[in-house]
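S.K.: Here are the chains, one letter per residue:
There are 2 protein chains.
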Amino acid sequence: MKIILLSGGSGQRLWPLSNGTQAKQFLRLLKSPEGEKESMVQRVVRQIKEAGLLESITVATSMSQADMIANQLGEYGVDIVTEPARRDTFPAIALASAYLQKEKHCRPDEIVVVMPCDPYTETGYFHTIAKMVKAVESNAADLVLMGITPTSPSSKFGYIVPQAGDASAEVQPVNRFVEKPERALAEQLLAEGALWNGGVFAFRLGYITQILEKYVNAPSFTEVRARYQEFPKISFDYEVAERASSVAVVSFTGQWKDLGTWNALTEELPSQTIGNVVLDEQAVNTHVVNELDLPLICVGTRDLVIATSNDGILVADKDHSEDLKKHLAKLGTDSRPMYEERRWGEYKVIDHIEFADGQKVLTKRLCIRAGKNISYQVHHHREEVWTIINGTGQLVLNGEQRNVKPGDVIHIRREQFHAIRAITDLYIIEVQSGDRLTEDDITRYPYTWE
Amino acid sequence: MKIILLSGGSGQRLWPLSNGTQAKQFLRLLKSPEGEKESMVQRVVRQIKEAGLLESITVATSMSQADMIANQLGEYGVDIVTEPARRDTFPAIALASAYLQKEKHCRPDEIVVVMPCDPYTETGYFHTIAKMVKAVESNAADLVLMGITPTSPSSKFGYIVPQAGDASAEVQPVNRFVEKPERALAEQLLAEGALWNGGVFAFRLGYITQILEKYVNAPSFTEVRARYQEFPKISFDYEVAERASSVAVVSFTGQWKDLGTWNALTEELPSQTIGNVVLDEQAVNTHVVNELDLPLICVGTRDLVIATSNDGILVADKDHSEDLKKHLAKLGTDSRPMYEERRWGEYKVIDHIEFADGQKVLTKRLCIRAGKNISYQVHHHREEVWTIINGTGQLVLNGEQRNVKPGDVIHIRREQFHAIRAITDLYIIEVQSGDRLTEDDITRYPYTWE
Numbered sequence: 003m004k005i006i007l008l009s010g011g012s013g014q015r016l017w018p019l020s021n022g023t024q025a026k027q028f029l030r031l032l033k034s035p036e037g038e039k040e041s042m043v044q045r046v047v048r049q050i051k052e053a054g055l056l057e058s059i060t061v062a063t064s065m066s067q068a069d070m071i072a073n074q075l076g077e078y079g080v081d082i083v084t085e086p087a088r089r090d091t092f093p094a095i096a097l098a099s100a101y102l103q104k105e106k107h108c109r110p111d112e113i114v115v116v117m118p119c120d121p122y123t124e125t126g127y128f129h130t131i132a133k134m135v136k137a138v139e140s141n142a143a144d145l146v147l148m149g150i151t152p153t154s155p156s157s158k159f160g161y162i163v164p165q166a167g168d169a170s171a172e173v174q175p176v177n178r179f180v181e182k183p184e185r186a187l188a189e190q191l192l193a194e195g196a197l198w199n200g201g202v203f204a205f206r207l208g209y210i211t212q213i214l215e216k217y218v219n220a221p222s223f224t225e226v227r228a229r230y231q232e233f234p235k236i237s238f239d240y241e242v243a244e245r246a247s248s249v250a251v252v253s254f255t256g257q258w259k260d261l262g263t264w265n266a267l268t269e270e271l272p273s274q275t276i277g278n279v280v281l282d283e284q285a286v287n288t289h290v291v292n293e294l295d296l297p298l299i300c301v302g303t304r305d306l307v308i309a310t311s312n313d314g315i316l317v318a319d320k321d322h323s324e325d326l327k328k329h330l331a332k333l334g335t336d337s338r339p340m341y342e343e344r345r346w347g348e349y350k351v352i353d354h355i356e357f358a359d360g361q362k363v364l365t366k367r368l369c370i371r372a373g374k375n376i377s378y379q380v381h382h383h384r385e386e387v388w389t390i391i392n393g394t395g396q397l398v399l400n401g402e403q404r405n406v407k408p409g410d411v412i413h414i415r416r417e418q419f420h421a422i423r424a425i426t427d428l429y430i431i432e433v434q435s436g437d438r439l440t441e442d443d444i445t446r447y448p449y450t451w452e
Numbered sequence: 003m004k005i006i007l008l009s010g011g012s013g014q015r016l017w018p019l020s021n022g023t024q025a026k027q028f029l030r031l032l033k034s035p036e037g038e039k040e041s042m043v044q045r046v047v048r049q050i051k052e053a054g055l056l057e058s059i060t061v062a063t064s065m066s067q068a069d070m071i072a073n074q075l076g077e078y079g080v081d082i083v084t085e086p087a088r089r090d091t092f093p094a095i096a097l098a099s100a101y102l103q104k105e106k107h108c109r110p111d112e113i114v115v116v117m118p119c120d121p122y123t124e125t126g127y128f129h130t131i132a133k134m135v136k137a138v139e140s141n142a143a144d145l146v147l148m149g150i151t152p153t154s155p156s157s158k159f160g161y162i163v164p165q166a167g168d169a170s171a172e173v174q175p176v177n178r179f180v181e182k183p184e185r186a187l188a189e190q191l192l193a194e195g196a197l198w199n200g201g202v203f204a205f206r207l208g209y210i211t212q213i214l215e216k217y218v219n220a221p222s223f224t225e226v227r228a229r230y231q232e233f234p235k236i237s238f239d240y241e242v243a244e245r246a247s248s249v250a251v252v253s254f255t256g257q258w259k260d261l262g263t264w265n266a267l268t269e270e271l272p273s274q275t276i277g278n279v280v281l282d283e284q285a286v287n288t289h290v291v292n293e294l295d296l297p298l299i300c301v302g303t304r305d306l307v308i309a310t311s312n313d314g315i316l317v318a319d320k321d322h323s324e325d326l327k328k329h330l331a332k333l334g335t336d337s338r339p340m341y342e343e344r345r346w347g348e349y350k351v352i353d354h355i356e357f358a359d360g361q362k363v364l365t366k367r368l369c370i371r372a373g374k375n376i377s378y379q380v381h382h383h384r385e386e387v388w389t390i391i392n393g394t395g396q397l398v399l400n401g402e403q404r405n406v407k408p409g410d411v412i413h414i415r416r417e418q419f420h421a422i423r424a425i426t427d428l429y430i431i432e433v434q435s436g437d438r439l440t441e442d443d444i445t446r447y448p449y450t451w452e
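Those protein sequence lines, which keep their order, are chains A and B.
Residues are numbered in our numbering as their position in the first sequence, beginning at 1, plus a constant of 2.
Residues are numbered in our numbering as their position in the second sequence, beginning at 1, plus a constant of 2.
Derived by calculation from the structure, the hints in this document are not laboratory data.
Check the hints yourself; a few may be wrong.
Chain copies aren't distinguished; within one or between two, either way the pair holds.
[As the list claims (entries may be wrong)] In silico BS3-like cross-links for lysine-lysine, where the CA-CA straight-line distance does not exceed 30 Å:
| hint | residue 1 | residue 2 |
| --- | --- | --- |
| 1 | Lys216 | Lys407 |
| 2 | Lys216 | Lys350 |
| 3 | Lys39 | Lys362 |
| 4 | Lys332 | Lys350 |
| 5 | Lys332 | Lys104 |
| 6 | Lys133 | Lys158 |
| 7 | Lys235 | Lys33 |
| 8 | Lys235 | Lys51 |
| 9 | Lys328 | Lys133 |
| 10 | Lys332 | Lys39 |
| 11 | Lys106 | Lys4 |
| 12 | Lys259 | Lys51 |
| 13 | Lys362 | Lys104 |
| 14 | Lys374 | Lys216 |
| 15 | Lys332 | Lys33 |
| 16 | Lys106 | Lys133 |
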């Protein structure tokens with residue numbers, strides 16, 4: 003059995019903690035049973051493992067999230083398939099399926115489970131997945147979905163309507179799908195025994211590869227990926243589930259939440275405050291997540307969520323926290339990430355300034371993890387000054403390799419080839435200056451470390 | 003006529019904007035009539051000037067505030083007298099008086115007005131000071147005080163009780179002083195025509211020098227200052243006013259406020275938000291001062307004051323903002339200023355980190371104003387890496403002087419002599435590393451710029 007975990011979204015609704023690369027599923031705000039900080043995606047994979055389902059996970063994601071996935075799920079040895087561009091869930095699942103078929107050489111009768119990476123659920127959810135796998139194994143249907151037992155006639159979800167018959171059967175054939183019905187219709191559907199569509203699908207690999215070959219029939223995964231834009235921009239529900247002739251549903255009753263808004267997230271936080279916070283005893287129903295390296299004092303507040311990061315500060319009444327999105331537009335589109343986890347470690351922007359003469363200066367603190375390296379590269383629009391502040395490493399500057407230690411200062415001018423590898427965790431203060439300071443001003447070259 | 007302006011206080015009550023060196027009177031949160039940002043001390047001196055009283059101002063202050071005073075009041079050509087240690091208002095006024103007598107060679111009959119630097123008042127206040135000066139000139143009394151017409155029987159103030167007689171007289175002899183009475187007594191005092199003590203005093207210089215000579219009788223100002231600890235720790239009210247045989251009061255009726263708490267300050271702010279703030283239309287009675295270089299979004303909040311600086315973040319219900327002080331103690335005493343105005347310009351701490359091996363690293367952005375310089379100095383516990391990011395200047399390193407420009411990197415090791423002077427405004431990223439990073443790890447030497 004193979005799992006395809008879908009990781010997408012840019013999550014503005016949890017600003018300032020989430021942003022373009024730091025989507026909500028990567029925020030380490032939850033707590034593992036061992037008391038460690040845990041993100042939503044780490045929680046889901048831990049739960050998959052605890053349910054005994056951890057055989058092989060392929061994460062289907064965007065290129066911008068690949069480094070974050072590698073950092074957060076590295077210990078589980080997951081495979082990562084990146085979409086060349088964002089399309090929709092059908093192309094993403096098709097690409098990951100092509101990877102399983104053509105790179106991992108899985109057989110057509112291999113069972114595949116597709117699931118989202120961010121529902122906040124409990125053990126029963128994963129037992130339901132196991133039942134779905136069994137249903138596919140026993141050929142109950144070509145496609146088996148998870149149906150969540152509704153708690154209200156919500157208009158926010160898609161509904162799966164089972165065929166009339168034995169509602170207590172573990173596997174029920176599906177009659178039809180209804181996407182986000184009005185409340186009155188939703189109430190009718192509940193009376194019919196309809197379930198919310200949880201976005202979890204089980205099928206045999208051959209079932210999906212035969213559909214994707216209608217769009218892209220290529221001998222290798224690389225070629226399928228290169229022709230990614232030939233897949234239609236359509237959801238898996240519309241392209242596959244609603245057209246399937248043999249489709250069944252297995253129901254799950256229990257906790258199933260999207261922690262995608264501040265109001266929902268604060269209900270599941272392990273404590274009222276995270277980070278350097280003094281919350282006085284007069285404060286009522288106030289949650290504070292302070293990711294800044296500054297003390298935050300909160301006195302006598304009520305019904306607030308306060309969140310800070312290097313991207314900004316939010317102070318919101320909990321009842322109004324959903325209004326956040328419309329205000330983010332006012333911040334302008336030129337905002338850049340102030341913190342990023344990368345495959346080699348992480349960086350934080352600690353200062354940025356633009357002078358009247360057009361000169362821009364950006365100062366970062368980088369941490370390159372032991373054994374990792376920054377690729378051999380050249381910048382065309384900026385120079386960089388690196389001050390090594392802790393740890394040891396190997397520097398390559400214009401082809402010459404040497405060791406570096408704290409106190410060493412390296413001046414990298416425009417067009418100079420450079421790379422650095424950490425021997426121990428390596429901390430650097432980097433001062434960038436130039437007329438254009440963007441992450442994409444970089445040309446990478448191969449380098450073989452001695 | 004000479005003015006002695008008292009500038010003291012460390013002002014925790016306006017944290018995080020105020021701190022040890024950035025006392026409340028230096029916060030540039032008000033607006034001048036020309037629409038420029040203005041601090042409380044700048045406002046008072048502007049008002050003194052507008053009232054035609056700007057002949058000569060001597061600011062009596064602590065050493066830690068001297069640079070700030072020089073920066074903020076430099077254009078007015080004020081003299082600064084610094085106390086070698088904090089004592090109380092009598093020693094501070096005595097020292098400034100000794101300065102007027104022995105350094106400025108003022109005559110004993112020169113009239114001196116002592117006033118605090120932070121009351122938020124109107125024009126009438128300064129007209130009252132002019133009347134006080136006239137009263138001393140006409141020898142109505144040795145000491146003339148300003149009495150503020152009370153608006154309530156407050157227990158927070160000292161009261162001046164005039165002698166029974168013509169309450170409408172411009173100058174009334176004083177019967178007695180009552181310090182912070184209980185409310186019932188305060189009500190009685192109001193019935194007697196008592197006034198609040200505004201802390202403004204007028205007298206002839208000789209009157210006060212004759213009192214101070216009882217404690218320190220020395221030929222030069224330098225020697226008076228060197229013997230500063232021989233003055234008793236006592237307020238001017240207790241040492242001088244309450245013992246004076248000939249004391250009168252001139253009353254002032256009008257706006258007179260201490261903007262020393264967030265609640266009081268926000269009432270006088272020129273706008274609901276200062277800095278990079280998005281305040282949504284659902285927010286009610288919310289004031290935000292954001293001095294951080296980060297966007298702050300405020301959604302649906304009520305009755306809040308939010309203030310941010312490099313020292314920290316405050317989110318407080320306005321009714322509870324006075325509880326701030328007790329929480330500050332929890333932040334610990336090892337906090338250092340994260341932003342300071344100095345005689346040569348200003349700096350901001352942009353990052354600080356301590357490693358497991360005891361190595362500390364502090365990164366600052368400095369701006370040295372054109373024509374100013376950092377003194378020739380040596381550090382014993384830290385090395386510094388300077389990256390010049392904008393402007394031009396002259397560097398001295400171990401006695402050798404050379405010009406510097408953007409892109410230049412200077413590595414200053416422990417025990418190396420160094421100084422830098424700005425030709426144009428000079429911006430530097432400074433990375434300090436060492437086992438002890440404190441402002442006092444500095445030995446200064448004389449240097450004559452070529």
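S.K.: With reference to the structure, classify each hint as holding or not holding.
M.R.: Quick rundown of the hints versus the structure:
1. Lys216 to Lys407: neither (57 Å within a copy, 63 Å between copies)
2. Lys216 to Lys350: Classified as neither; 45 Å inside a copy, 61 Å across copies.
3. Lys39 to Lys362: So Lys39 and Lys362 pass the 30 Å test across copies only (26 Å; inside, 36 Å).
4. Lys332 to Lys350: Classified as both: same-chain Cα gap 23 Å, cross-chain 27 Å, threshold 30 Å.
5. Lys332 to Lys104: For Lys332 and Lys104, neither the intra-copy (46 Å) nor the inter-copy (60 Å) Cα distance is at most 30 Å.
6. Lys133 to Lys158: within (26 Å within a copy, 73 Å between copies)
7. Lys235 to Lys33: neither (36 Å within a copy, 55 Å between copies)
8. Lys235 to Lys51: neither (32 Å within a copy, 70 Å between copies)
9. Lys328 to Lys133: Cα proximity of Lys328 and Lys133: none, with 42 Å in one copy and 57 Å across.
10. Lys332 to Lys39: So Lys332 and Lys39 pass the 30 Å test across copies only (25 Å; inside, 32 Å).
11. Lys106 to Lys4: Classified as within: same-chain Cα gap 11 Å, cross-chain 89 Å, threshold 30 Å.
12. Lys259 to Lys51: within (20 Å within a copy, 65 Å between copies)
13. Lys362 to Lys104: Intra 47 Å, inter 52 Å, cutoff 30 Å: neither.
14. Lys374 to Lys216: This pair counts as neither: shortest intra-copy Cα distance 41 Å, inter-copy 73 Å.
15. Lys332 to Lys33: between (34 Å within a copy, 26 Å between copies)
16. Lys106 to Lys133: Result: close within a single copy only, 25 Å intra versus 94 Å inter.
When held up to the earlier numbered hints, the structure conflicts with 1, 2, 5, 7, 8, 9, 13 and 14 and fits the remainder.
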